[in-house]
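Visitor: Whenever a hint applies, use it, and build me the whole structure from the sequences.
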Amino acid sequence: MAEMTLIQAITDTMWSEMERDEKVFVLGQDCGRYGGVFKATAWKSQEDGSPDQSEKMYDRFGPLRVLDAPLAENAIIGGAIGSAIAGYRPIAEIQFMDFIDCAMGHIVNQAGVMSFKTNGSWCCPLTIRTPFGGDIGGGITHSQSNEAWFCHAAGLIVMTPSTVEDAAGLLRTAIRCDDPVLFIEHKKLYRSVKGEAPTDPDFMVPIGKARIHQSGSDITFVAYGNMLIRAMEATRILQKEGVSVEVIDPRTLWPLDLDTIVNSVCKTGRCVVISESHSSYGFSSEIAARVQEGAFWNLLSPIRMISAPDTPYPFDPAMEKAYLPSVETILKAAKGAMEND
Amino acid sequence: MTDPTKSKESYALFRPMLKTRLLDERMRKLFRQGRFKGTYFSAVGQEATNVGTGTHMREGDILAPSHRQLGAMVARGITAKRVMAQVYSKAESPDGAQQHPCHFGDPQLDIVSPTGHVAIQVVLAAGAAYAYLMDAWREGKVKINWDKEGIVWAGNWTLEEGHEMNCAFSFFGDGATAKGDFHESLNFAGIHKLPVVYVCENNLWAESAHLTENVPTEKVSDRAAAYGMPGITIDGNDIFEVNRVVGEAVRRARRGGGPTLIECMTYRWYGHSEIDPADYRTEEEVAKWKERDPLLVFRATMEERGEWDEEIVAKIEAEINEEIDEAIDWVEEESTDPQPDQFLDVTFRTSSLNEVVRREWEKRDG
Ligand SMILES: Cc1ncc(C[n+]2csc(CCOP(=O)(O)OP(=O)(O)O)c2C)c(N)n1
Ligand SMILES: [Mg+2]
Numbered sequence: 001m002a003e004m005t006l007i008q009a010i011t012d013t014m015w016s017e018m019e020r021d022e023k024v025f026v027l028g029q030d031c032g033r034y035g036g037v038f039k040a041t042a043w044k045s046q047e048d049g050s051p052d053q054s055e056k057m058y059d060r061f062g063p064l065r066v067l068d069a070p071l072a073e074n075a076i077i078g079g080a081i082g083s084a085i086a087g088y089r090p091i092a093e094i095q096f097m098d099f100i101d102c103a104m105g106h107i108v109n110q111a112g113v114m115s116f117k118t119n120g121s122w123c124c125p126l127t128i129r130t131p132f133g134g135d136i137g138g139g140i141t142h143s144q145s146n147e148a149w150f151c152h153a154a155g156l157i158v159m160t161p162s163t164v165e166d167a168a169g170l171l172r173t174a175i176r177c178d179d180p181v182l183f184i185e186h187k188k189l190y191r192s193v194k195g196e197a198p199t200d201p202d203f204m205v206p207i208g209k210a211r212i213h214q215s216g217s218d219i220t221f222v223a224y225g226n227m228l229i230r231a232m233e234a235t236r237i238l239q240k241e242g243v244s245v246e247v248i249d250p251r252t253l254w255p256l257d258l259d260t261i262v263n264s265v266c267k268t269g270r271c272v273v274i275s276e277s278h279s280s281y282g283f284s285s286e287i288a289a290r291v292q293e294g295a296f297w298n299l300l301s302p303i304r305m306i307s308a309p310d311t312p313y314p315f316d317p318a319m320e321k322a323y324l325p326s327v328e329t330i331l332k333a334a335k336g337a338m339e340n341d
Numbered sequence: 342m343t344d345p346t347k348s349k350e351s352y353a354l355f356r357p358m359l360k361t362r363l364l365d366e367r368m369r370k371l372f373r374q375g376r377f378k379g380t381y382f383s384a385v386g387q388e389a390t391n392v393g394t395g396t397h398m399r400e401g402d403i404l405a406p407s408h409r410q411l412g413a414m415v416a417r418g419i420t421a422k423r424v425m426a427q428v429y430s431k432a433e434s435p436d437g438a439q440q441h442p443c444h445f446g447d448p449q450l451d452i453v454s455p456t457g458h459v460a461i462q463v464v465l466a467a468g469a470a471y472a473y474l475m476d477a478w479r480e481g482k483v484k485i486n487w488d489k490e491g492i493v494w495a496g497n498w499t500l501e502e503g504h505e506m507n508c509a510f511s512f513f514g515d516g517a518t519a520k521g522d523f524h525e526s527l528n529f530a531g532i533h534k535l536p537v538v539y540v541c542e543n544n545l546w547a548e549s550a551h552l553t554e555n556v557p558t559e560k561v562s563d564r565a566a567a568y569g570m571p572g573i574t575i576d577g578n579d580i581f582e583v584n585r586v587v588g589e590a591v592r593r594a595r596r597g598g599g600p601t602l603i604e605c606m607t608y609r610w611y612g613h614s615e616i617d618p619a620d621y622r623t624e625e626e627v628a629k630w631k632e633r634d635p636l637l638v639f640r641a642t643m644e645e646r647g648e649w650d651e652e653i654v655a656k657i658e659a660e661i662n663e664e665i666d667e668a669i670d671w672v673e674e675e676s677t678d679p680q681p682d683q684f685l686d687v688t689f690r691t692s693s694l695n696e697v698v699r700r701e702w703e704k705r706d707g
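Sequence lines, in order, name chains A and B.
Position 233 of the first sequence, counted from 1, bears residue number 233 in the numbering used here, the numbering being contiguous throughout.
Position 327 of the second sequence, counted from 1, bears residue number 668 in the numbering used here, the numbering being contiguous throughout.
Cross-link-like lysine to aspartate or glutamate pairs, in silico, EDC-like; alpha carbons within 16 Å at most: (1) B:K347 - B:E582; (2) A:K23 - B:E480; (3) B:K704 - A:E293; (4) A:K209 - A:D257; (5) A:K23 - B:D476; (6) A:K209 - B:E696.
Label pairs and their in silico Cβ distance ranges: (7) A:T141 - B:G569: 25 to 33 Å; (8) B:A550 - A:L71: 26 to 34 Å; (9) A:E22 - B:K484: 17 to 25 Å; (10) B:R705 - A:E22: 39 to 47 Å; (11) A:L71 - B:R479: 24 to 32 Å; (12) A:V37 - B:G598: 31 to 39 Å; (13) A:Q53 - B:S549: 58 to 66 Å; (14) A:G139 - B:D488: 29 to 37 Å; (15) A:I212 - B:R479: 42 to 50 Å; (16) A:R33 - B:T499: 16 to 24 Å; (17) B:R479 - A:D52: 22 to 30 Å; (18) A:R33 - B:R622: 50 to 58 Å; (19) B:R479 - A:T141: 31 to 39 Å.
If you're looking for bench data, these hints aren't it; they were derived computationally from the structure.
From the three backbone atoms N, C-alpha and C, an ideal C-beta is built for every residue, glycine too.
Guide: Structure follows, in structure tokens:
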């Protein structure tokens, strides 16, 4: 099986689900003729894993099923929800997660409550794909990580893949799921993460199941997206120093696979949570709070929360570097945790 | 197609209109007597717009209501029992008592249960209409007409002669037109010529805000031009006019002619909800509109035609009152209360996710 990029696995999965079920369709700004600004809705892979540029998704499935939507996030998400209640399985793309606030009402108070407000009679099989995260020089409104907003809302599943295999397996699960899924994709990982994609056309990763990215015994790291990549870099350095790190990628942010995380911390006694979103009321605070509840008596040192400052996202490269948690930040926290024995 | 110029079919319009009125007045009373909780949004005065539109719905057509669509739902076939179960928050209500009593919908009748967000449902209607277009396209009934460079097609398609699509029905008030959702929905539907009918109930007020505080143009229908669709303002209290104009729009939509914005001039007789004394309006204005009572307008037309029949009317009224009385007896004596923990089991279709929520709750209170 050929190696491919994470974004290619995303395209391939949409492609295969569209082949399988004609009720699956894609809509978003520039998604059709242009193939999306990141080319996520452009070409499926060929044998060597690279994109087969002879045919676009738009040409294969037609302009109605790969819809070039107007520049209107409410129309994209609200329209997708309307099509979902009329029997379709829309995959809506929000070009950058920073723009998702425009459609907040539809996501939180329409998609998230559809099943509830009909007492389970109707559901909302909607997938919203959106690129999140920084480290690409995107500035205030092309770098945000707003996933906590949606984890805090009711009725939404939130997922994010950090490996090629998970990109395929999670996205397939999202598309086939009868409930609304917010599927966030770290744009830094789109082409930097490569791997073998599963060949099984029904390969799925279950909702709410974390993955132990690497096993270890001294300390637990919890991270996803670009912070998982940095956590792994820190892990390699620590490993050389004789510290054994267990790295957990939650994969689903809501619902959380707490068991896997808590079990790990019970084993290691130490935990560092790394996230590039704002520190207050965010991923790190959530994990820290829940881990202390589940692993309190096994903790050897306080849980470290690493996140971004509660400021807007800066553009200037030096400022961006200072803004994001770095490998050094993680190492410092890990060492602190190790010394607090 | 109904022909309301025929006496029998005129009464088929009259019956749901009278049923809406009687049901509505009765629910106001029940609320004031404290027999159900929450509040109540009366639509008395707006029956002709609702019923004149609702009677055009077919199975599979989605109705995306606002908060005053009792009449459209009655026309679509909702029973007095289901309505009573809804306002009394009973397990038998269309939403199983999950929602506020006055956010009516009915999944069984393809009626979206509205959230309390004004205008948000307007967008769903366009999305459902896009689904209907895809349905027709998948059946091979839609021909896409590319522009001469072969690049774009948006809104440029033709439906096979004789084929009819489902149509989405969108209701909203004058106030709702100030929201971005209104714009994005009509814009989207206009671009793609979607089969949707937009019915604006212009009752001159949005809670205490006057029409001129929400709408900058002389008419709401003036906006249609901006969305590339026909717009028309009509007497929303004349059921014959509403039924005819909406009927034409629905036919056009089903046959691939695109959306229409229909502004129905009407008036709510009472407060925004039962807790609103509506003291921001003059008594003269209310009195003037009561003279244009949709039921009286109907009667005047029928009398003109020599077809007003007291006997038929009395019979219809008696039948409706019987249905309502029965529904009230049933809801107060026999209906079931929802389980207090029922809300934990319906947030997701995927049952394992409801268990996640339930476990949290049980950890807290179990
Ligand atoms: C997004 C949102 N903003 C405000 C409200 C509060 N609200 C409920 S109904 C209403 C007025 C609606 O007026 P209109 O659209 O004209 O409908 P009408 O009540 O006259 O039928 C307001 C302000 C709301 N429910 N949702
Ligand atoms: Mg109004």
